[in-house]
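Visitor: As you go down the protein sequences, you meet chains Y and S in turn.
According to the working numbering, the first sequence is numbered sequentially starting from 1.
According to the working numbering, the second sequence is numbered sequentially starting from 1.
Quick caveat, the hints were computed from the structure, so don't treat them as lab data.
Hints are not guaranteed to be accurate.
[Said to hold, decoys possible] Each computed SDA-like pair below joins lysine to any residue, with the alpha-carbon atoms no more than 25 Å apart:
id, chain 1, residue 1, chain 2, residue 2
1, Y, LYS234, S, ARG153
2, S, LYS215, Y, TYR6
3, Y, LYS235, S, LYS215
4, S, LYS258, Y, LYS136
5, Y, LYS171, Y, GLU331
6, Y, LYS135, S, ARG186
7, S, LYS68, S, ILE150
8, Y, LYS234, S, LEU255
9, Y, LYS270, S, ARG153
10, Y, LYS235, S, LYS2
11, Y, LYS235, Y, ILE201
12, S, LYS215, Y, ASP156
13, Y, LYS127, S, LEU218
14, S, LYS241, Y, LEU294
15, S, LYS241, Y, LYS135
16, S, LYS2, S, ARG186
17, S, LYS49, S, ARG153
18, S, LYS241, Y, LEU232
19, Y, LYS178, Y, ARG199
20, S, LYS219, Y, ASN5
21, Y, LYS136, S, LEU251
22, S, LYS250, Y, ASP317
23, Y, LYS192, Y, SER71
24, Y, LYS272, S, TRP240
25, S, LYS256, Y, LYS135
[Claimed, not checked] Just so you have them, the derived chain S footprint on chain Y, three or more residues with Cβ under 8 Å:
id, segment
26, 26 to 34
27, 50 to 62
[Said to hold, decoys possible] Just a sample of chain Y residues kept apart from chain S, beta carbon distances all over 10 Å, derived:
id, residue
28, ASN76
29, ARG116
30, GLU133
31, ALA188
32, GLU200
33, VAL202
34, LYS203
35, GLU231
36, LEU232
37, LYS270
Every residue gets a Cβ at the ideal spot worked out from N, C-alpha and C, and that includes glycine.
This is what each chain is made of:
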Amino acid sequence: MELKNYKNVWVFAEQRAGVITPVVLELLGEGRRLADEIGVKLCAILLGENIASLTDTLIEYGADIVYTADSPLLKNYTTEGYAKVISDVINEYMPEIVLYGATNIGRDLAPRIAARIGVGLTADCTKLEIDPEDKKLMQTRPAFGGNLMATIICPDTRPQMSTVRPGVMQKSQPEKGKNGQIVKLQVALADKDIRTIVREIVKSKKELVSLTDADVIVSGGRGLGSPEGFELLKKLADAMGGVVGASRAAVDSGWIDHSHQVGQTGTTVKPKIYVACGISGAIQHLAGMQNSDLIIAINKNERAPIFGVADYGLVGDLYEYIPLLIAAFEEDALCLKQE
Amino acid sequence: MKILVCAKQVPNTNEVKIDPVKGTLIREGVESILNPDDANALEAALTIKDHIEGTTVTVISMGPPQAKEMLNECLAMGADNAVLLSDRAFGGADTWATSNTIAAALRKIGDYDIIFAGRQAIDGDTAQVGPQIAERLDIPQITYVQDIKIDGRKVVVQRQLEDGYEVIEAQLPVMLTCIKELNNPRYMTVEGIYDAYASEIPVWGLADLPLDETKVGLKASPTKVFRSFTPAPKGKGVVWKGSPKELTGKLWEELKEKHII
């Protein structure tokens, strides 16, 4: 493999039902930074059916070139359809870096491509850097439940591929009317290439929680003692203009849906204010929220690890504190300062 | 039905401690367990065995010799056979080399209708080995499986998405990677434990697989660990004790003073 023949940074522009997945904009922000540092172009690869309308957004958020593969066979995501098209196009255009969102789709797709084209893949990266000497990609990720961070390199193979955890990288400011190039790919795909059939895509009826976009998250853990505790947290979240999160312990107890889970196996968040109520602070949870701008923790146990990352730690009964906080926020009728 | 289950012995990461000086893992005294998602994978296989006569369940693991303990546990839960892939040459493998090694072993076993794996292992959390084995065996994969129905030579499964699920259909053979929502793994039985410890688990090394040493272990791994370190602890803030009313007021003042609210 002649490494110097590989050029440009690519982002997999995941879309579902014609909507670009939010992590893609974060990847474009990060990819832009990496491409500028190396001095190469940022490209997006977009697959689907009737997706032409999405290319402007990808360009506005930083892409110089958008490669599109438009086919009825690519309408819904399938591992084999997407893996074939992307593997072929990587072999043809030879990018040096390919980034995927660490979503349930990205984490299904990227390993299959990596095995097919014979390259390494670093999962769930939280930091990407360019080595100033040889311009290689240094990929940092948590391991052992967030107890350890590892920086991974791929010295001998290209492209260097990473899945990137949603909610970690910064998206760029969109540049309206920015110019970019669109390259339409020939799709060489037949029915027989795809051995799975998507019969149905079911959206859960439950309210969608957008933890990654929230400015304020009020999270509850085992210390709530019951599912009813989350109703109280919801009131505080409403008063603060935020959403409700949860620790794994609370989710595992069946008190609240998994979509609310913050932490290593849930969502990584960095809101302006994170209020941890009755959460002891297992390392897996801390890994998912410790980059919040301001952390307020309420816990009965003054030795709880959550206090180790909290800006303000309140030792005591959360059921005494939360009504007072709700009253304070409601009375003041203040929302978060808009930037 | 011939079912293969890929399983891994992992340290219980909830108990892992870090040496604050060296920045390395302290493994001593940390129990090793069957990786949680793999327990769901095994349970899925055993449930099929409960319902479809003539089903055999074989568990395959790659790891050090002590991973036999975990395989004994799988046998005691109800698996029929177990194979351990263990060789110094396999050491230091990343997911690329691991999937290459395991796929070679599965090919040697040969006959399979469903290959189950856990979605991911709690030590590495990569979720890559399942899909990569499927790629090497050229079979379809369905990951994040939360429900399985078998209809003759066809499976209909629910694949979990962040905001719902997909219903996906595939012909056998297929690789399915399982999540905890799929089922509740059964316990070992006393009889099962007795039988498991009476049986000898075969160990396959490099010489037993149709692979040469350039295709396994650290050498065959495209990813290398450049460095590892413990996450920087965030500076500790203030911890207050006192009456909730007073402290809430104090917090409120602070937040205002700092223009946070």
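Visitor: Next, verify each hint and record whether it holds.
Guide: A quick look at each hint next to the structure:
| no. | hint | verdict |
| --- | --- | --- |
| 1 | Y:LYS234 x S:ARG153 | violated, 47 Å |
| 2 | S:LYS215 x Y:TYR6 | holds, 24 Å |
| 3 | Y:LYS235 x S:LYS215 | violated, 57 Å |
| 4 | S:LYS258 x Y:LYS136 | violated, 41 Å |
| 5 | Y:LYS171 x Y:GLU331 | violated, 35 Å |
| 6 | Y:LYS135 x S:ARG186 | violated, 50 Å |
| 7 | S:LYS68 x S:ILE150 | violated, 31 Å |
| 8 | Y:LYS234 x S:LEU255 | holds, 21 Å |
| 9 | Y:LYS270 x S:ARG153 | violated, 46 Å |
| 10 | Y:LYS235 x S:LYS2 | violated, 53 Å |
| 11 | Y:LYS235 x Y:ILE201 | violated, 32 Å |
| 12 | S:LYS215 x Y:ASP156 | holds, 15 Å |
| 13 | Y:LYS127 x S:LEU218 | holds, 24 Å |
| 14 | S:LYS241 x Y:LEU294 | holds, 19 Å |
| 15 | S:LYS241 x Y:LYS135 | violated, 51 Å |
| 16 | S:LYS2 x S:ARG186 | holds, 20 Å |
| 17 | S:LYS49 x S:ARG153 | holds, 15 Å |
| 18 | S:LYS241 x Y:LEU232 | holds, 22 Å |
| 19 | Y:LYS178 x Y:ARG199 | violated, 39 Å |
| 20 | S:LYS219 x Y:ASN5 | holds, 23 Å |
| 21 | Y:LYS136 x S:LEU251 | violated, 46 Å |
| 22 | S:LYS250 x Y:ASP317 | holds, 17 Å |
| 23 | Y:LYS192 x Y:SER71 | holds, 15 Å |
| 24 | Y:LYS272 x S:TRP240 | holds, 21 Å |
| 25 | S:LYS256 x Y:LYS135 | violated, 45 Å |
| 26 | 26 to 34 | violated (count 0) |
| 27 | 50 to 62 | violated (count 0) |
| 28 | ASN76 | violated, 8 Å |
| 29 | ARG116 | violated, 6 Å |
| 30 | GLU133 | holds, 13 Å |
| 31 | ALA188 | holds, 18 Å |
| 32 | GLU200 | violated, 4 Å |
| 33 | VAL202 | violated, 5 Å |
| 34 | LYS203 | violated, 4 Å |
| 35 | GLU231 | holds, 19 Å |
| 36 | LEU232 | holds, 14 Å |
| 37 | LYS270 | holds, 12 Å |
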